[in-house]
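Residue numbers (the UniProt record's numbering), protein chains in the order written: chain A, 1 to 275; chain B, 1 to 304.
Just so you know, the hints here were simulated from the structure itself, not pulled from any lab data.
Careful, some of the hints might be misleading.
What the hints assert, rightly or not - Derived Cβ-Cβ restraints for the label pairs, each shown as a range:
(1) B/Arg56 <-> A/Ala161: 45 to 53 Å
(2) A/Leu167 <-> B/Leu194: 25 to 33 Å
(3) A/Ile259 <-> B/Ile288: 37 to 45 Å
(4) B/Phe60 <-> A/Val110: 27 to 35 Å
(5) A/Leu12 <-> B/Met206: 44 to 52 Å
(6) B/Arg56 <-> A/Ser83: 40 to 48 Å
(7) A/Gly18 <-> B/Pro221: 29 to 37 Å
Glycine included, every Cβ here is placed at the ideal spot set by N, Cα and C.
Below, each chain spelled out in residue letters.
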Amino acid sequence: MRTRPNYPLSGLTIVVFGVVFLVPFAFILLTAGKTAPESALLDFSWPTRWAFAENFQAVVEARDYLLIIAFINSTILTVASVSVVVVLAAMAGFVLQRRRTRLTKAVNLVILSGLVLPPAVVPTIWVLQRLGLFKTMPGLILVEIAYAMAFCVLLFQAFIAGIPKELDEAATIDGAGPLSLFFRVVLPLLRPIIVTVVVVQTVFIWNDFTSPLYFLPGDENATVQLTLFNFQGQYTNSYNLLFMDILLVTVPPLIMFMIFQRQIVSGMVAGSVKG
Amino acid sequence: MTTVTDAVTEAPATTVPEPVRRRSPYPYWFILPGGVIFTVFFLVPSVMAFWFSLTRWTLFDQEFIGLDNYVQFFREPALASGLWHTLIYAVVTSGLKVVLGMALAVLLTGPILGRGFMRSVAFFPVLVSTIGVGLTFQILMHPTRGVINQALDLAGITGPAWLADPDWALLSVAFVDVWQGVGLALVIYMAGILSIPGEYFEAATMDGAGAWHRFRNITLPLARPATVSVILLSLIGGLRKFDLIWAMTKGGPGFTSDVMASVIYKQYQAGFYGLSTAGNVVLFLLVILIALPLFWFFNRKEDA
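Between the sequences and the hints, there should be enough to build the whole structure, so can you do that?
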């Protein structure tokens with residue numbers, strides 16, 4: 001942006017950033033490719049023999065293909081919660097932004113509380129139990145939707161504020177009811193923010209550990225984060241397998257990041273500034 | 001299920017006076033589906049927590065015991081120290097994220113090559129599984145064989161035992177939290193600094209202001225909204241942190257790295273649901289006591 005780049009400083013910064021932020025990932029990759037005895041040394045070194053494929057196979061087959069089940073469960077959880085929360089938050093955000101009444105102001109205050117307050121976990125279990133949803137996937141999906149709602153509604157409101165109200169009026173005069181106004185006129189315009197919300201929430205829910213731990217315990221329902229956590233107890237001396245598991249769990253966010261970096265960064269910045 | 005929540009969400013709607021009764025293109029029922037889920041699974045449990053925290057509770061029946069849970073909570077050092085640790089953890093992580101995030105953002109918005117690469121590299125850990133990060137650093141921080149202490153040895157420094165040392169455990173986890181989260185602070189600050197018009201810096205340079213004065217008198221005050229976001233975000237996040245601490249130390253050694261969220265989980269696991277919920281309410285109040293004044297303080301200044 002200004003003048004000539006400072007070459008020595010650039011070089012130094014790149015090296016420091018590389019060491020601090022990339023070495024841990026390199027360590028994961030290298031350890032995931034080692035044999036068990038070598039990985040137990042815990043050092044940062046090139047494997048003398050690459051056992052990448054064997055480790056991959058061992059991790060996938062461990063405990064009757066639990067990891068596959070966990071990936072399926074996490075995918076179901078993420079896809080279901082994200083798709084529902086996007087539609088519901090967009091609808092709510094639309095009305096909350098367009099209609100400035102005492103009610104919507106009060107609702108916005110409540111939404112802010114959802115952004116700030118820590119969830120009350122054991123009473124949530126009580127609610128789930130009363131509804132017969134405790135330890136079920138639909139129950140966990142509903143909880144994830146509730147937790148994501150506040151953040152998403154705020155993002156949608158901020159974006160919708162930039163869409164001229166005249167557009168709604170024109171559509172209404174042309175005879176569009178609320179439903180077709182929203183779904184046929186407004187929703188298509190929300191594409192950029194929808195992409196952002198979907199990507200950010202996908203990463204959040206995929207990585208969520210605490211909610212599955214409380215609301216969906218048990219092996220048959222395990223999510224990837226729970227499996228990863230339980231792994232450390234079961235394979236105390238097979239660090240190569242542990243790190244292969246970490247590697248596999250890290251791949252989906254990495255792919256999301258490479259494709260959607262711009263949307264993720266802008267979404268998180270917008271969300272934090274709003275909140 | 002719906003009867004309870006309809007009452008909650010719709011009750012205010014009828015009390016709002018509507019002078020002109022024509023059909024709005026923005027019907028309130030658009031808020032309802034999302035509002036019902038949010039109410040049932042977030043608001044109702046939050047409100048009920050205040051009642052359950054006053055009971056001896058097994059999920060099926062409950063017995064009112066007044067403030068006994070709170071008394072027990074604050075009397076037992078293992079539990080009460082969690083409150084103190086939570087505060088230390090939140091303040092240390094958010095302080096470091098502000099300072100490092102700001103410093104790195106100034107660096108990366110300066111005359112430097114590879115800006116985009118470094119921003120990506122620093123931001124990526126934000127998206128990685130916290131459990132994965134915790135387990136990885138648990139190994140990297142091994143007292144004798146860990147990569148971090150091996151590297152420090154090469155430099156002639158004897159590193160602490162990190163997670164195994166009662167004095168260092170909580171701080172070690174906090175450092176890893178900063179490693180994982182500083183990327184978010186960085187991008188928030190970069191967005192804030194890049195939105196400052198370049199003419200300000202040029203004019204200041206013409207008037208003979210050095211780098212420090214430009215930072216002190218232009219960057220720092222004009223990046224204030226970014227600072228507010230980073231502080232609020234990391235304080236609130238730090239106060240309720242659970243997954244990283246649980247993956248790395250489970251509150252140990254002893255109770256030296258136990259925070260509110262891990263105390264809540266431990267009491268839940270042990271079957272003390274009332275006590276666990278009392279801890280939840282304490283955390284609740286702690287977040288409100290810290291976040292609310294900050295919110296008001298920052299918002300008032302922005303309006304002025």
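Evaluated hints:
1. B/Arg56 <-> A/Ala161: 45 to 53 Å: holds (49 Å)
2. A/Leu167 <-> B/Leu194: 25 to 33 Å: Check passed, 30 Å falls within 25 to 33 Å.
3. A/Ile259 <-> B/Ile288: 37 to 45 Å: holds (39 Å)
4. B/Phe60 <-> A/Val110: 27 to 35 Å: holds (30 Å)
5. A/Leu12 <-> B/Met206: 44 to 52 Å: violated (29 Å)
6. B/Arg56 <-> A/Ser83: 40 to 48 Å: holds (41 Å)
7. A/Gly18 <-> B/Pro221: 29 to 37 Å: Once the Cβ atoms are compared, 33 Å apart, the range 29 to 37 Å for proline 221 of chain B and glycine 18 of chain A holds.
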